[in-house]
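Line by line, the protein sequences are chains V and Y.
Counted from 1, the first sequence has number 739 at position 739 by the numbering used here; the numbering is strictly sequential.
Counted from 1, the second sequence has number 77 at position 77 by the numbering used here; the numbering is strictly sequential.
Keep in mind that a hint or two might mislead.
27 Å max Cα-Cα, derived DSSO-like pairs, lysine-lysine [stated by the list, open to error]:
#1 V:K557 <-> V:K97
#2 Y:K154 <-> V:K72
#3 Y:K154 <-> Y:K144
#4 V:K495 <-> V:K557
#5 V:K407 <-> V:K557
#6 V:K72 <-> Y:K73
Simulated coverage check for chain V against chain Y, where a stretch passes if three residues somewhere in it have a Cβ under 8 Å from a Cβ of chain Y [as the list claims (entries may be wrong)]:
#7 203-215
#8 229-237
#9 311-317
#10 415-428
#11 672-682
Derived from the structure by calculation, the hints contain no laboratory data.
No residue lacks a Cβ here, since even glycine has one placed at the ideal position from N, Cα and C.
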Amino acid sequence: MAHLPTDASRLRAEFGPHLNTAPPGGWDADLRPERIVETHCCFCGQQCGIKLKVAGNKVVGFDPWEEFPFNKGKLCPKGVKRYLQGAHPDRLLHAMKRTDSGFVPMGWDEAMERTVTEITRIQETYGKDAFAMLSGVSLTNEKSYLAGKFARLGLGTRNLDYNGRLCMVSAGAGNKKAFGVDRAANSWEDIPLADVIWVSGANVAECAPITTDYIWRARDRGARLIVVDPRITPLARTADLALPLRPGTDSALTNGILHLLDKWNLVDRDFVRDHTSGFEAALEAARDCTPEWTSAVTGLPAAAIEKAARMWGEAATSFLLHARGIEHQSKGVENVNSCINIVLATGRIGRPGCGYATITGQGNGQGGREHGHKCDQLPGNRDIENPGHRAHICGVWGCTDEELPRKGLSAQEIMNEIHEGGIKGLLCLCFNPVVSLPDSTFTREALEKLEFFVSLDFFLSETAQHADIVFPSALHEEDDGTSTSAEGRVIRIRKAVEPPGDARTDWEIMVELARRLGKGKFFDHFTSPEAIFQELRRASSGGTADYGGITYEKIEKQMGVFWPCPTEDHPGTPRLFEGGRFFHPDGRAKFIPTPWRPPMEVVDAEYPVWLTTGRVVFHYLSGTQTRRIGFLVEQCPHPYVEIHPRLARNLGIAEGDAVSVATRRGELVLPAKLVTTIRPDTVFIPYHWPGNLGANRLTARNLDPVSRIPEFKVSACRLARTTPDRFPPELLELMAAGKGA
Amino acid sequence: MVSEEFGFFIDPQRCIGCRSCVAACAECGTHRGVSMIHLDELDRLASTQTGPTVCMHCEDPICAMSCPADAIKRTEDGVVHASQKPRCVACQNCELSCPFGVPIVLPGLEQMLKCDLCYDRSSVGLKPMCATVCPSQALLFVPKHEVAALRGSKPLREFRIGALTIRTRNAIMVPDPEIPLNLDASILIEGDL
Ligand code: SF4
Ligand code: SF4
Ligand code: SF4
């Protein structure tokens, strides 16, 4: 069913991506703003404050919002140019259905009826769980919460998961194991107070640009910086210690550090005794991780490992940050826990200048992992299999335990099950799995097997192109709500303009679908985002992610409220774990032993080079939005493969040459970018593009056993110089566009 | 008037190459759609170092001296303005003579444009757009006396170019030589290929 309705180039011609390069009316129109709306950037997890200039029903520009405390007016180029997505020619304005010759507009009512009929047919034929839902974490908290409730009670399926599964779930799982709660331990204000900053697997400059400022502020006071990454990123360039380790060996390094901290007596024994458990077992797992062993595994000099252990161990205050580099692995959770182990061993957490955080990647990645649109979770970070947790949510939702589905499949597993034929229908909301899941050929095959696929999106994403019905939904600036930043700060998203054409907000679409599915009694009271937030507050109350005391007014007054915030007179909690109190019932943090094991795919004679993937500063995730914004595309029009000149020389590859990069899943032909800033045994491809340009053609569906996150960051590949006539046509188009810029 | 108190400091060491400055400059009210900042990858093969170039606002601006139409004015507050449209003959002398490579004469526009420190913003107490958005404070607009406390590095306002000594309103932060610049991953690791 869900084959592309027409060929991809025709879809591109009709639905883009086309480039928007100027504000509505062009640069000369110089529209005077009628209103300024204080809101936040729609992209990364830092959720920078920004002011949107509005004229008529259009966003016509931006202004820095210098009073907002997190970013104080600073923005990356995505934030500056985000306003250009608004009046974009590619916006979907009508509901559409697929026909043999492409998509045609249809009435809203007909689209709704068809969708409800198909959902009902599939569920009556194959069972409730044969209809699955995938949602995104660029959604507001309100929509995330509603997505969880809509899937469970509206659709009655257990198979709901979210694209946070491709982002921070390893951090979340590791944090829960160690601390009993899943949130950055500190607000970023503790970073400038730290004497040493450890950054593992995070290209901070490109993926979290505002965080560089916090790190520089620490360094201005003399703080030292250790950066662990196979590439020497712009932040690592000036680090006191750059550790370009072999991909997939992160926990070997941190185990090696733990080993040395103990050996050199740099462990805070009092803290470990009074506030933690499991230290001996963690140490035992690191017993053989001598500098020589660690060096052999990581490919770093033993002296550098010792230097890192000294720098980290001897500091008075410290902050450890990590991101997808260590989390996107089949042992992502172990990597996270091995980092936490070195934080706990030095007792430097829960006080000024002493902290730990994952740098949440997606816009509402933090909030999205709290409100129950994960397959195993209910709002307030509750466990869907815990009878007490279920009872609380049944109470808030007014449903019985039987009506509330149990744990379902995770995102990649849903796709696997679609491929297997067990899941027949899918609703996809703000998620572009064709680009963002690993092994994209497999993903595409899976979508083609669906009997019915409905998509809610504002642009026709590469995934939505496979849909039977597409509902035009609303952009970030077209709805109210809240979002929770990487710091754990709940902030207000303010509506600036009305959705154009027939487009409606995701929550309105979900509520209407639920009503038509006969489940109105659970959803009819949701007449505004704030009404949804009120129920979210009650649902989260008493959970670890407690929003009970947060109101829209309080967020506005305080410029954000850090959860937990259990009561209305509670100010919120910027710094967790003060006084060494953790969220486990015994109040202690847990060391988790992390014996090192290799990645699921390792290099061999056939595929001798490590492949890793990641972001560039100009694009956001699958590029649905940023590949439509002229300025951003001009700065980085197409993917490439970063190769160290030494490796390139061995293979006869020169700058700009066509290079075939092949793994067991597929092959890409991309231009070579020769840089000394990457390990000579590793290559890097940015992942924001679809189809023949998609790094995820190459990555594997290997999952972390706990977090079910795919191992995007470690694959084995082989490279060969090839001829430019093998460049895919899409690449040539983009290269030409890039040159014209 | 831009307060004499305030200085513009450029710290290339901190630049992360994000081009936020370039993006934001083009959004400023005076030269909509055109950015006055140049951002260069210095040598991407060897380093991720990037270099932002903005007008240095010279005390004796060569661009103005070389202008046959007297179109480039420096105000008392030390800001060198873009060419005055009615006077500018788009001869490109300024473009060729500026030792920092700043002015732009756009084909079709027939006027020299350059950074004017976002005069519409800086003359009313706001920071220039680029310095406001720059995520890592590589571009910084702060009271001059604050910069020492904010940075280990030193502001440089005097440049020797050939026989010329050029003094500027804007300053370049000269990095602390102690900070190592590790540029090749292969020399940071042991031979493990
Ligand atoms: S993408 Fe992230 S860093 Fe850039 S402006 Fe938006 S929130 Fe800020
Ligand atoms: S830097 Fe160039 S453009 Fe700016 S004032 Fe000096 S000479 Fe003129
Ligand atoms: S905004 Fe700042 S960090 Fe980014 S390129 Fe410009 S000067 Fe460099």
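For each hint, the structure was consulted:
no. : hint              : in the structure
1   : V:K557 <-> V:K97  : violated (45 Å)
2   : Y:K154 <-> V:K72  : holds (24 Å)
3   : Y:K154 <-> Y:K144 : holds (12 Å)
4   : V:K495 <-> V:K557 : holds (18 Å)
5   : V:K407 <-> V:K557 : violated (38 Å)
6   : V:K72 <-> Y:K73   : violated (32 Å)
7   : 203-215           : holds (count 6)
8   : 229-237           : holds (count 8)
9   : 311-317           : violated (count 0)
10  : 415-428           : violated (count 0)
11  : 672-682           : holds (count 9)
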